[in-house]
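**Student:** Turn these sequences into a full structure, and let the hints steer you where they fit.
Residue numbers (my numbering), protein chains in the order written: chain A, 1417 to 1647; chain B, 1417 to 1647.
Take these hints with a grain of salt, some might be off.
The list treats identical chains as one, so a pair stands whether inside a single copy or across any two.
To be verified - Only pairs whose alpha carbons sit at most 20 Å apart, straight line, appear in this in silico SDA-like list of lysine to any residue:
#	residue 1	residue 2
1	1644	1619
2	1644	1598
3	1644	1528
4	1476	1442
5	1644	1490
6	1644	1526
7	1644	1525
8	1476	1544
9	1474	1544
10	1644	1492
11	1644	1523
12	1474	1646
Everything labelled a hint here was simulated from the structure, so no lab data went into it.
Each chain is listed here by its residues.
Number of protein chains: 2
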Amino acid sequence: MGWEEIRAEVLSRIRARAWAPGAVIPGEEALAEEFGVSRATVNRALTELARAGVLERKRKAGTRVAALPVRRATFDIPVIRAEVQGRGQAYGIRLLREEISRPPVAIAAQLGWPILGGEAQGAMLCLETLHLADGRPFAHELRWLNPGVLPDPRPDFGAVSANEWLVAHVPFVTGDIAFSAEAAGEEVGRAMGLDPATPVLVTERCTWGEAAPVTWVRLTHAPGYRVKTVV
Amino acid sequence: MGWEEIRAEVLSRIRARAWAPGAVIPGEEALAEEFGVSRATVNRALTELARAGVLERKRKAGTRVAALPVRRATFDIPVIRAEVQGRGQAYGIRLLREEISRPPVAIAAQLGWPILGGEAQGAMLCLETLHLADGRPFAHELRWLNPGVLPDPRPDFGAVSANEWLVAHVPFVTGDIAFSAEAAGEEVGRAMGLDPATPVLVTERCTWGEAAPVTWVRLTHAPGYRVKTVV
DNA sequence: CGCCGCATTATGTCCAGACATAATACGAAA
DNA sequence: TTTCGTATTATGTCTGGACATAATGCGGCG
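**Tutor:** What follows is the structure, encoded as structure tokens:
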């Protein structure tokens, strides 16, 4: 009996409703004896199930079957170049705009960039990029970047996408992501060759390094793009 | 030194580029000795980092820093009722349609439902539901459900949403999810009181139980809805 | 020269025991 | 009766040892 077998057995008991949602299941000691393994092995299996959201564990209170199991999905955020090439298409990048200026207050606030008197303090690097797949627009990227994380001179973002440069040089940051559906709008529509009213999937990411904000980015994907995940 | 401290130390060495992307890091034995802990503790820390996508581990080959760190995000799929109530709004549900019929071939194929001669074999339960928040449309749900997983008589899906009934009674299934942006369209637009051209976020889920397909569902969210995740 | 099998090696898992920690429940004090 | 402290208890983590497993790479055989 390995911990994966224990996990499977526990899961099947939950499925079979031998242990009902909300109910406390036997303690690790008891299960260890029943399955003929050490407590550490049971612990590994139950910890794994708790991480998956199937069980809820608390010291002293014991382990109970999650009453309202929140399904947890994970998805990978690929580097766009890898994503395009993974589809067997040729990747291209076109830098539309690169300038240093003050970010809009809304973006500065989200990043935690200093704001004084209703205006952002200090300039950031603003990049507007078009990602191409087989020469056709694949995604439009609007990015504000903390110049403090960049070397001097700056990398050539017309050759390497900012995202790719960042994951290679400012790795393992934290951040949050949001998906929404919007109309392409005038500016992005013109850049991507779309009617301004076209529905497009928009990804907004906000990432921080160890202390300082790193970047805010808004990706507008071409129509038909889907974000896929596995539960 | 607990395993979390080990993890933090390893992570900071990676950030500081003491261990470069792609490079092999010292073996567990060596790290255990350096940190003055047992190998099991180092193993726990490294396993955790590998799960997060920061390290890649292979037997015999050793542990190396991920060269192209694929950022992995997780998000929770809440029960809609809980989501609405979590915003402090009143939840309501309106069952628009409930009928037994053959699913479209595209949906049957995706579920692995038997198809013969270009037509789905056997009927499924089709539900069309509107979820309300404070009386206003929150999401439109179109669902095809394997009647084999339901008891006889069927639950009252006008009172409990199918999703909620399923997570409580057919728990811990696998599935996949896809997000996309589309125009609301005639039918959904009418149900939600939206112009057919309005961009809306659409979630499509396909879930399977232990052996049989369970359900296919397409959720159309009200404009402005965002799916949020944390990296 | 090329291919296959085996020794080597790093990770994966397991055990038995121990102490740490958090949270509950119960008893004592106000 | 209420509140506070404490004993109890289940989980969390660690140790040091062991064997299992997979993948590499080398040496030998055809």
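**Student:** None of the hints should be skipped; say for each whether it holds.
**Tutor:** Against the structure, the hints come out as follows:
Within a single copy, residue 1644 and residue 1619 get their C-alpha atoms as close as 13 Å, and across copies as close as 10 Å, so both meet the 20 Å cut-off. Taking the shortest Cα distances, residue 1644 and residue 1598 sit within 20 Å of each other both inside one copy (19 Å) and across copies (15 Å). Taking CA atoms no more than 20 Å apart as the test, residue 1644 paired with residue 1528 passes between copies only; the shortest distance there is 18 Å, against 30 Å inside one copy. Proximity of residue 1476 and residue 1442 under a CA criterion of 20 Å is satisfied intra-copy only: 12 Å inside one chain copy versus 38 Å between copies.
With identical chains, the CA atoms of residue 1644 and residue 1490 are at most 20 Å apart both within one copy (9 Å) and between copies (12 Å). Within a single copy, residue 1644 and residue 1526 get their C-alpha atoms only as close as 26 Å, which misses the 20 Å cut-off; across copies the closest is 14 Å, which meets it. In the homo-oligomer, the alpha carbons of residue 1644 and residue 1525 lie at most 20 Å apart only across protomers (18 Å), although the nearest pairing inside one protomer, at 30 Å, exceeds that limit. In this assembly of identical chains, residue 1476 and residue 1544 lie within 20 Å of each other by CA distance neither inside one copy nor across copies; the values are 54 Å within and 44 Å between.
In this assembly of identical chains, the alpha carbons of residue 1474 and residue 1544 never lie at most 20 Å apart, being 48 Å within a copy and 39 Å across copies at closest. For the identical chains of this complex, residue 1644 and residue 1492 are neighbours both inside a copy (9 Å) and across copies (14 Å), given an alpha-carbon limit of 20 Å. When the C-alpha separation of residue 1644 and residue 1523 is checked against a cutoff of 20 Å, the pair qualifies only between copies, where the shortest distance is 17 Å, while the shortest distance within a copy is 27 Å. With identical chains, the CA atoms of residue 1474 and residue 1646 are never at most 20 Å apart, being 28 Å at best within one copy and 23 Å at best between copies.
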